[in-house]
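Start from the sequences, fold in the hints, and give me the full structure.
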Amino acid sequence: MTDDVNDVGRKAALSIFGDIIRRKRHSCRWTFHALSEKTGIDAASLSALEDGSDAVSDIERETLCEFLGVDLDAFAKIVRQENAKANSPPQTAEQLRGSAVIDLARYREWQRTTSHPVD
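Position 69, counted from 1, in the sequence shown is what our numbering calls 114; the numbers after and before it change by one each time, with no gaps.
Since the hints were made in silico from the structure, they are not lab data. Treat the hints with care, as some may be off.
With a straight-line cut-off of 25 Å between C-alpha atoms, the simulated DMTMM-like cross-links for lysine to aspartate or glutamate are [unchecked claim]: (1) Lys-122 to Asp-96; (2) Lys-69 to Glu-105; (3) Lys-130 to Asp-52; (4) Lys-56 to Asp-87; (5) Lys-83 to Asp-52; (6) Lys-130 to Glu-95; (7) Lys-130 to Asp-103; (8) Lys-69 to Glu-82; (9) Lys-83 to Asp-118; (10) Lys-122 to Glu-105; (11) Lys-69 to Asp-87; (12) Lys-56 to Glu-154; (13) Lys-56 to Glu-107; (14) Lys-130 to Glu-82; (15) Lys-122 to Asp-64; (16) Lys-130 to Asp-87; (17) Lys-69 to Glu-107.
Simulated restraints on C-beta separations [claimed, not checked]: (18) Tyr-152 to Glu-82: 31 to 39 Å; (19) Cys-73 to Asp-103: 17 to 25 Å; (20) Arg-157 to Ser-92: 29 to 37 Å; (21) Thr-76 to Ser-98: 17 to 25 Å; (22) Ser-72 to Asp-52: 28 to 36 Å.
We treat Cβ as the ideally placed atom computed from N, Cα and C, and that holds for glycine.
This is the structure in structure tokens:
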């Protein structure tokens, strides 16, 4: 399987951005319908965005960021960071043993894309 590195970084960034939007929406105690009415973005698109899909346009993403008080450049920054992670060479076992921090977004992506044996 040969994934484009930028595609992997974008998928991870979409997942992280979706989590940010979900937390902001929950902190305001808004439903998808309420946020949809306030921003003019379809509730189904908001739901898909929170699930990590690329469901909204850049303009809608900016509108959502402005409305929720998220930095307008947040998504672009996350994409750059995730692309840098995806472009970095894999760490050796020795390097990983010294690290107590786990990148959950990359681990979940690995879990989702890895085939599991069937009994």
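Compare the distance between the alpha carbons of Lys-130 and Asp-87 with 25 Å, and conclude whether the hinted pair is satisfied. 32 Å, violated
Does Asp-87 lie within 25 Å of Lys-56 when you go C-alpha to C-alpha? 21 Å, holds
Regarding the pair Lys-122 and Asp-64, is the alpha-carbon distance no greater than 25 Å? Answer holds: Lys-122 to Asp-64 is near 15 Å, not above 25 Å.
Given the proposed pairing of Lys-130 with Glu-82, does the C-alpha separation stay at or below 25 Å? 37 Å, violated
Is Lys-69 within 25 Å of Glu-82, Cα to Cα? 16 Å, holds
So does Cys-73 sit 17 to 25 Å from Asp-103, Cβ to Cβ? Holds: the Cβ-Cβ distance is about 23 Å, inside 17 to 25 Å.
Is it true that the CA of Lys-69 sits at most 25 Å from the CA of Glu-105? Judged against 25 Å, a Cα distance of about 16 Å means the pair holds.
So the hint says 31 to 39 Å: do the beta-carbon atoms of Tyr-152 and Glu-82 match that? 36 Å, holds
Take the C-alpha atoms of Lys-130 and Glu-95, compute the straight-line distance between them, and say whether it is at most 25 Å. Holds: Lys-130 and Glu-95 sit about 22 Å apart, inside 25 Å.
Would the pair Lys-56 and Glu-107 pass a check requiring their Cα atoms to be no farther apart than 25 Å? Holds, at roughly 18 Å.
For a C-alpha distance cap of 25 Å, please report whether Lys-83 and Asp-52 respect it. 31 Å, violated
Next pair to validate is Lys-83 with Asp-118; report whether the Cα-Cα distance is within 25 Å. 21 Å, holds
Taken one by one, the earlier hints fail for this structure at numbers 5, 14, 16, 20, listed in ascending order.
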